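Go ahead and model the full structure; you've got the sequences and the hints to work with.
Protein chains: 2
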Amino acid sequence: MRSSLECIPCFVRQALEAGQQVCDDELLLEKVMKRILCEISGFDLSLSPPEMGQKIHRILREEMNVLDPYRQVKENASMVALSMVDNIRQLIDEQTMPFDAAVRFSIAGNILDFGLISAWDDSKIMDSFQNALEKPVDSKMIQQLKNAVHKAENVLFLADNVGETVFDKLLIEQLPDHLDVTYGVKASPVINDATEVDAVVAGIDKIARVINNGTDAPGTPLEQCSGRFKQCFRSADLIIAKGQANFETLNEVGREIYFLTQIKCPQIARYYEYEVGEWVVTTTSELRNIQVVESGSER
Amino acid sequence: MRSSLECIPCFVRQALEAGQQVCDDELLLEKVMKRILCEISGFDLSLSPPEMGQKIHRILREEMNVLDPYRQVKENASMVALSMVDNIRQLIDEQTMPFDAAVRFSIAGNILDFGLISAWDDSKIMDSFQNALEKPVDSKMIQQLKNAVHKAENVLFLADNVGETVFDKLLIEQLPDHLDVTYGVKASPVINDATEVDAVVAGIDKIARVINNGTDAPGTPLEQCSGRFKQCFRSADLIIAKGQANFETLNEVGREIYFLTQIKCPQIARYYEYEVGEWVVTTTSELRNIQVVESGSER
Numbered sequence: 001m002r003s004s005l006e007c008i009p010c011f012v013r014q015a016l017e018a019g020q021q022v023c024d025d026e027l028l029l030e031k032v033m034k035r036i037l038c039e040i041s042g043f044d045l046s047l048s049p050p051e052m053g054q055k056i057h058r059i060l061r062e063e064m065n066v067l068d069p070y071r072q073v074k075e076n077a078s079m080v081a082l083s084m085v086d087n088i089r090q091l092i093d094e095q096t097m098p099f100d101a102a103v104r105f106s107i108a109g110n111i112l113d114f115g116l117i118s119a120w121d122d123s124k125i126m127d128s129f130q131n132a133l134e135k136p137v138d139s140k141m142i143q144q145l146k147n148a149v150h151k152a153e154n155v156l157f158l159a160d161n162v163g164e165t166v167f168d169k170l171l172i173e174q175l176p177d178h179l180d181v182t183y184g185v186k187a188s189p190v191i192n193d194a195t196e197v198d199a200v201v202a203g204i205d206k207i208a209r210v211i212n213n214g215t216d217a218p219g220t221p222l223e224q225c226s227g228r229f230k231q232c233f234r235s236a237d238l239i240i241a242k243g244q245a246n247f248e249t250l251n252e253v254g255r256e257i258y259f260l261t262q263i264k265c266p267q268i269a270r271y272y273e274y275e276v277g278e279w280v281v282t283t284t285s286e287l288r289n290i291q292v293v294e295s296g297s298e299r
Numbered sequence: 300m301r302s303s304l305e306c307i308p309c310f311v312r313q314a315l316e317a318g319q320q321v322c323d324d325e326l327l328l329e330k331v332m333k334r335i336l337c338e339i340s341g342f343d344l345s346l347s348p349p350e351m352g353q354k355i356h357r358i359l360r361e362e363m364n365v366l367d368p369y370r371q372v373k374e375n376a377s378m379v380a381l382s383m384v385d386n387i388r389q390l391i392d393e394q395t396m397p398f399d400a401a402v403r404f405s406i407a408g409n410i411l412d413f414g415l416i417s418a419w420d421d422s423k424i425m426d427s428f429q430n431a432l433e434k435p436v437d438s439k440m441i442q443q444l445k446n447a448v449h450k451a452e453n454v455l456f457l458a459d460n461v462g463e464t465v466f467d468k469l470l471i472e473q474l475p476d477h478l479d480v481t482y483g484v485k486a487s488p489v490i491n492d493a494t495e496v497d498a499v500v501a502g503i504d505k506i507a508r509v510i511n512n513g514t515d516a517p518g519t520p521l522e523q524c525s526g527r528f529k530q531c532f533r534s535a536d537l538i539i540a541k542g543q544a545n546f547e548t549l550n551e552v553g554r555e556i557y558f559l560t561q562i563k564c565p566q567i568a569r570y571y572e573y574e575v576g577e578w579v580v581t582t583t584s585e586l587r588n589i590q591v592v593e594s595g596s597e598r
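Chains as they are written, first to last, in the working numbering: chain A, 1 to 299; chain B, 300 to 598.
Just so you know, nobody snuck in bad clues.
These stretches of chain A come out as covered by chain B in the derived footprint (C-beta under 8 Å, 3 or more residues):
no., segment
1, 7–14
2, 28–34
3, 37–43
Every beta carbon over 12 Å from chain A, so not counted as near; a handful from chain B, in silico:
no., residue
4, Gln389
5, Asp426
6, Met440
7, Glu495
8, Pro520
9, Val575
10, Thr583
Negatives, chain A to chain B, calculated, CB over 12 Å:
no., residue
11, Gly227
12, Glu273
13, Glu275
No lab work stands behind these hints: they were computed from the structure.
Predicted, not measured: the structure shown is a model, and the values here were computed from it.
All C-beta atoms in this analysis are idealised placements derived from N, C-alpha and C, irrespective of residue type, glycine included.
Given below as structure tokens:
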């Protein structure tokens with residue numbers, strides 16, 4: 001999806017909050033912010049918001065001379081997630097519909113996002129997991145996904161954040177045994193998005209093939225991805241994409257994709273008649289229908 | 300006061316909201332926003348936030364080719380204020396401490412600010428006036444101001460927003476008869492700040508001399524003001540400055556000034572230990588004391 005005018009102040013706020021998370025040198029932050037303002041002033045709004053995020057975080061890393069400013073945040077997120085995983089696996093196994101429960105906890109894990117929400121907030125994070133089984137989620141879409149995983153022979157599962165990965169593993173554990181699973185991550189650090197090493201920390205390499213997409217972009221901007229990743233994307237029977245940045249970069253792609261995400265952006269919420277904070281299971285084709293119903297022509 | 304890093308995302312948000320209030324051409328807004336981002340990227344943060352607001356609103360007016368984009372907003376604010384003024388004057392006159400009440404309604408009028416708060420919100424506006432007599436305001440400072448107006452021979456009253464002017468008039472009516480009152484406004488439109496014509500609409504010219512400060516800046520950046528205004532500023536026994544932009548441009552000036560404002564900015568709130576939404580009567584010397592108490596050296 002293209003960026004909107006409303007993305008502009010949001011980019012700027014995110015950039016400052018991200019900078020402040022990793023740096024307390026006001027003069028350096030001023031320099032960084034001014035460079036980022038220039039970058040945004042030249043940004044092509046026909047590109048997706050994660051592509052702007054990519055540019056902003058490249059500047060942050062370069063100016064601060066740190067390859068992975070979110071390393072500590074990611075370690076915390078992994079630690080918190082791993083401390084919960086055994087209890088939640090048991091809880092999932094106790095449910096009458098464990099696949100449904102696993103989908104819910106995978107979406108619950110999407111709270112561990114430090115792009116849109118900069119600061120670590122224990123109560124928000126715990127709230128997301130404690131209410132996972134009660135949160136309204138479209139049960140028809142979960143059933144449709146369940147049918148799809150049974151029909152498919154191979155699935156490409158696109159990761160979002162570190163820590164969330166741990167709960168994605170619980171969902172992968174609920175997939176049928178015959179299914180060949182590839183878990184797609186980023187090639188190098190951007191915000192707290194998962195890379196190959198983070199997938200290993202979550203133990204995903206034990207139950208799936210891990211592949212990086214060749215980029216340092218949030219989401220999955222296909223034009224930037226490696227040939228190997230694009231081949232994997234094209235040949236997958238089924239794609240499950242986690243998180244809002246994957247939603248923003250893939251929602252208009254010409255193939256069926258399942259999106260599992262928490263809605264964090266008021267623009268996306270308005271566009272698709274979601275609420276901010278809503279938990280969504282949807283597909284590219286369902287999203288096209290929402291658009292057609294709402295506008296009659298184009299939105 | 301200097302601008303802070305936190306002003307940057309706030310400037311950008313205000314610029315977009317202001318643009319959207321007066322224009323629905325997305326392409327023009329994109330052009331305007333990109334120009335404003337460039338402008339902010341070159342901004343000297345040692346200047347005050349209103350000086351950035353001045354630059355932003357100059358760009359908005361120029362690109363949209365409108366001399367006074369807030370004309371309609373100002374007409375609405377005047378109409379609403381004038382519809383209330385007789386009842387509120389009567390209410391003030393009925394109080395045992397009418398000066399105190401008039402100070403409160405003058406601060407209540409400061410809700411009519413469309414710089415920081417872009418959209419007209421009836422409930423917020425009504426709430427401000429309905430709670431004027433109950434709002435916590437430092438009564439010692441009101442008494443100190445009352446003593447000061449009795450001692451002074453001439454007062455310079457610095458206006459903020461259109462509509463608020465109507466309630467400033469009610470406060471001016473409570474000043475002692477001997478006092479020579481000058482009401483300072485902007486030379487030309489910026490946001491919904493009062494100019495000479497707006498002071499006349501409020502009827503202030505009937506009870507005070509109206510003078511413009513020579514600028515199109517929110518607040519009162521003295522270096523930009525006309526010689527005539529600066530002369531008036533220097534020779535005033537007493538200065539009463541309304542609103543946050545006057546606070547931001549005059550809080551460190553080397554003379555006593557009374558500030559009457561609602562606190563709208565989290566940065567100012569943090570710096571002076573106010574709450575956002577608090578109603579403040581303070582002076583330059585009291586502000587210096589707060590700083591000294593809090594930091595020991597400098598903040």
